Every structure is written in C-alpha cells, then in structure tokens.
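Peer 1: Okay, here's what each chain looks like letter by letter:
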Amino acid sequence: MTDAVLATHAESPPAAAHQSLTAKTRRRRVLAYLQAAPMAFVFLVFFVVPLALTLMVSFWEYNEYEIIPAFTLQNYVDVFEGCTATTDLCTTVRTYLSTLKFCALTWAFTLVIGFTVAYFVAFHVRSKTMQMVLFLVCTIPFWTSNVIRMISWIPLLGRNGLVNDTLQGMGLISRPIEGLLYSDFSVVLAFVHLNTVFMIVPIFNSMARIDRALIEAAYDAGATGWQTLWNVVVPLAKPGIAIGSIFVVTLVMGDFVTVGVMGGQQIASVGKVIQVQMSALQLPAAAANAIVLLGAVMLMIVAMTRLIDLRKEL
Amino acid sequence: MSDRPRSLAFYVLAAFFCLFVVFLYGPTLTILVLSFQGPQGGLTFPMNGVSTHWFGKLWAGLGIVDIWGALWRSLRLGLVVMALTVIIAFFAGLAFRKRFAGEGVLFTLAVASLIVPSIVVSLGIGLEFRLLDEAVKWAATATGWDWLQEHGTLMGLYTSALGAHLTWTLPFGLLIMFAVFNRFDPAYEEAARDLGATGPQTLRHVVVPILGPSLVGVALFGFTLSFDELARTSQAIGGRNTLPLELQGLTTTVTTPEIYALGTLTTGMSLAVIATALGASLYLQRRKAKAGLRMG
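Protein sequence lines, in the order shown, are assigned to chains Y and H. When the letters of the first sequence are read in order and numbered with our numbering, they come out as residues 115 to 428. When the letters of the second sequence are read in order and numbered with our numbering, they come out as residues 106 to 401.
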C-alpha cells in the first residue's frame, strides 16, 4: 500500500517528489537505527564484548593472586591434560561424555513427550479456546522458579519419600531404593521436567501452521493414522523439532544448577567445572573451558541444522 | 476431521496428556502440601499435623541468610528488567519492520544470546566487570583523583546482573514482537497517518492499544524470567545475591520444611504475576473488541 502511494506521488512533479521521497526514506532509516539502537547496545555490552573478553582472557596467564595479560596456550593444554594417553580417559573427556549422556537422554525423552503432547493439543483438541487453555497449562510452570521445581522432587524421591513408601507399602520392595534422589536418574528426571516445554512450544507452533486439508487429503487417500503422522505431520513439524532440540541440547550442555542440586553436588558437568574454577578465581582456566564448551555446542547445533537440511534434499 | 467420531487414539493421547500434567504439577503440589507440615514434621510424608509453623519461622528469617533482602532485590530487579524488556523489544520490533542495514546481524545476535550456554554468558560478563574494576583501579593510581579512589566494584544488581538478565529476556521479547507484528495490519497505521496523525501519535493511539495484550505477554516473560533467573546471574553479581541464588544455596543447608514454605511463597508470587498478566491481557482484548464494535 505504501508503495502504491509513493508511486502515484512520483509520477507528477518528478524532481520535488523525488527529493522529498529520499528525505523521507532517509528519515525512516535513521528512525529504524534509533529504534534498534538500545537492543544493539545491550547485546554489544553484555554479549559480544563479554564473549570477546572471554576468548582473550583464555590466553592469559594467572597465578594464585591475579590474572596476568601475557599470551599463553597453557590454559588449553590444561583443559586437555592427559587426553593423549590411550589407556585412561582424561577428566575433560569423561566430563563431556557424562554431560553428553545427560544430553542424549534428555533430548530423547523431551522429544517424545513434547511431540506427543503438542500433537494431542494441535490435532485432537477441537476448540481453539481449549487448545489455548491446554497450551497454557503446559507453559505456566515455565514461568515459575526452576530451583523450587527441583526441590519439589525431594519429598517424592528421597529415601523415605513417597515413591519408596508406596512401593514398600505395596510389598514390591523390602528396602527403600537408594539413588532415586541425587543420582543420574534424578538429574535426567529434573531435566525432562524442566525442559519439555522448550520442545512443546516450537513443535506446537509448527503443527498449528499445518494446513488441515493435508490431513484430510491423506485420510481420503486411504492413509492410516500412523502413515499420516509419519509422512505428513512429522516432516512438516521438523522446523519446530529442530528449534526445540537446539534449545534442549544447549540448556543441558551448559547446565550446572540442575546437575548440582539434583546430583547432590556430586556429579560432574562441564558447566560445573567452569563455575568451580570461577569461584576459585582461576579466571583464564574457566575462560578456556568456556570457549571449548562454546565450540562443542556450536558443533552440535551445526550438526543438527545440517541433518535437517540434508534430509530436505534427499 | 472435526466431524468424525473420537478415535481410540484420542483417548490414549488424552490419557498421556493427563499423565504429563500430573508429572508437571504433581511435585509442586507435594511441596505445597508439605509446607503446611506440623512443627514436628519433616521433609517427607507423613504429615505430622497441619500448621503454618514453617511460614512463621520463614517470616522470622532463615538464620544468616537474608532471605527477605534477597526477595526484595529480585522483585526490584524483575520490575526493572520487565520495563526495559517491553520498551527495548517493542522499539526493536518496530525497527525490524522497516529495513535497516545490520538487521541480520542484530537478529543473529539475539538468537545467539538465547542459545549460548548461560554459564558462558555469565562468565563473560563477570570477566568484563572485573577487568573494568581493574581499569578503574589503574586510573585511580595514575590520576590520583579523589572521586576514583574509594571505588569498590562496578559489578552489581543494576549493572552486571541487569545486563545478564536482559541477554536472556530480550531475545524472547523480540521473538514475540516478530510474531505479533507479522499479524499486525499496517492499514491501521496508514489510516491514522492519512487522518493527519504524527508518528508518535500513531504509535500511542493506534499501535500500542492494538498490541496491548501482546505487550503484557512480553512483560510477563520479562518479569518471570528475571525473577527466576539463576545461571546467568551466578557469576555476574557482586556480593548481594538474588533470591534464586540464595535458594540454590539453601538446598544443601536447610533440612526443614522451611524451604517448602519458601517454595510455596515464591511459586504463589509467580502464579499471582502470571494470573495478573493473563487477566490484563484478556481484559485489554475484550476492551479492544468492544471498542471495535462501537466504532464499527
């Protein structure tokens, strides 16, 4: 519509109109810059510069008292210390493997649960209002405290918790199961509990855009429910699946809070290594670890996006 | 599809959904119940009577931890982050509707800020402010100026922590603004302009009222994400902790239902904020619909 208005203007007195037009576009452009400036400023000061400084400090030396601006690769050597040995896995590789294990388990569970929930709400709930209500039911916990949601597993999973009590009451076990709480199990449980919403929202969003006529067409062409699901819904929901996966993977890879609280501060994770080094004021070492973590996460994201594009081409 | 009878799949999926909701809300409900544990009760069932004993103890304070101070700090920071998120995201959303050089870079930055692990962002901001402090210290000795001498640290609630929170809330705000502007009909603005409204007038009397419900949504994200934020704040706050940080510390030291009482309290506050936001959003939508009818 703007274009049409501008076009008619441009036809009659050409020179003046052209001049005012460029003045107008220029003003619009300046206005756009002004409007975007605050956000650009925040990201520059609190995101770009900090990451650049992290990269810089990761090459600095340090001792017990201070960090010294002198170039060294020692911090990176320290990260991979012992990794060339073939007999034992070094600490860094073991920590990454443990974190990757959490990552894979959490991803699988959140994907299956998130997809199923989103599919139910998007395709089996008929009224729009009801869809919105159920969608909100799934997202409201996201706006409450994560730490509290972790703590809330204690009365259920503890040694004398509800799960053990119930199982004992039913006579299924004679002694309480140790390791329900403060174990790999509770860590993954909490990850799934906290992060499924990051799968539900983008997948639901993708599904809501799918034209219902396609489902109808598949049904009319004689496809079974499963065939429709697998050949129509899943491919069209892929962008949502990809976004959700990226969210879950990065959240789990960098986590130190969930692993800390649900692991009873006993389980290692990459994020926790960084946090511990930070509180010991070994800033360059923490920075080097952060850069390695960032690199690993980037690789995973690139791999995931590649996977999706590749499938599209096949 | 909608006129077909319910299939078996519907009932199976509905059951799955119900289980998921139980999984989602069950644990929180458990600590809600257990926070009313009797004075003799412990961290697990059975309930040893029903009382508000632990809320009373919480009110008196949790020993050395200044929990009310932390709550107050988190509330104030949350409100500031909320206001800034709404304003900055709204104007950035407007900017993205016009085209400008560097919009791709800014969008990439916003998305990157969302998916770079929080601990990395937090560490970076922490480093930045430590280096700034060093620079100030150096400047103080170099110049000898009085006002620079007694300098503590620049790190604090409204500097480094505020910035850390904005790197988390602004991407959400921007994505919501994108979704909102995608559905926004520019004809309203053009109508206003044709009637002689200036740019600011159009914004104030046309765009903001129409987008009102969505802006409330951005505000909800801004406040709740800040109020519960932990990972990004951890390395980017000076000495005085926010509530989530104190809570994390308490998980290892507090062994009484006081911590459940605290959980009930903060969850209640979050729910009150969510309810207020949803209510306000609905109210604005209703009012808009009514105004539309009147005008139409």
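If you're looking for bench data, these hints aren't it; they were derived computationally from the structure. Treat the hints with care, as some may be off.
Negatives, chain H to chain Y, calculated, CB over 10 Å [what the hints assert, rightly or not]:
no., residue
1, 125
2, 180
3, 188
4, 250
5, 260
6, 297
7, 307
8, 336
9, 394
Derived pair list, reagent style BS3-like, types lysine-lysine, alpha-carbon separation capped at 30 Å [as the list claims (entries may be wrong)]:
no., chain 1, residue 1, chain 2, residue 2
10, Y, 386, Y, 215
11, H, 393, Y, 242
12, Y, 352, Y, 215
13, Y, 138, H, 203
14, Y, 242, H, 242
15, H, 393, H, 203
16, Y, 242, Y, 352
These numbers were taken from a predicted model, which means no experiment stands behind them. We put the CB at the ideal spot given by N, CA and C, even for glycine.
Peer 1: Checked against the structure, which of the hints given earlier come out wrong?
Peer 2: 1, 8, 14
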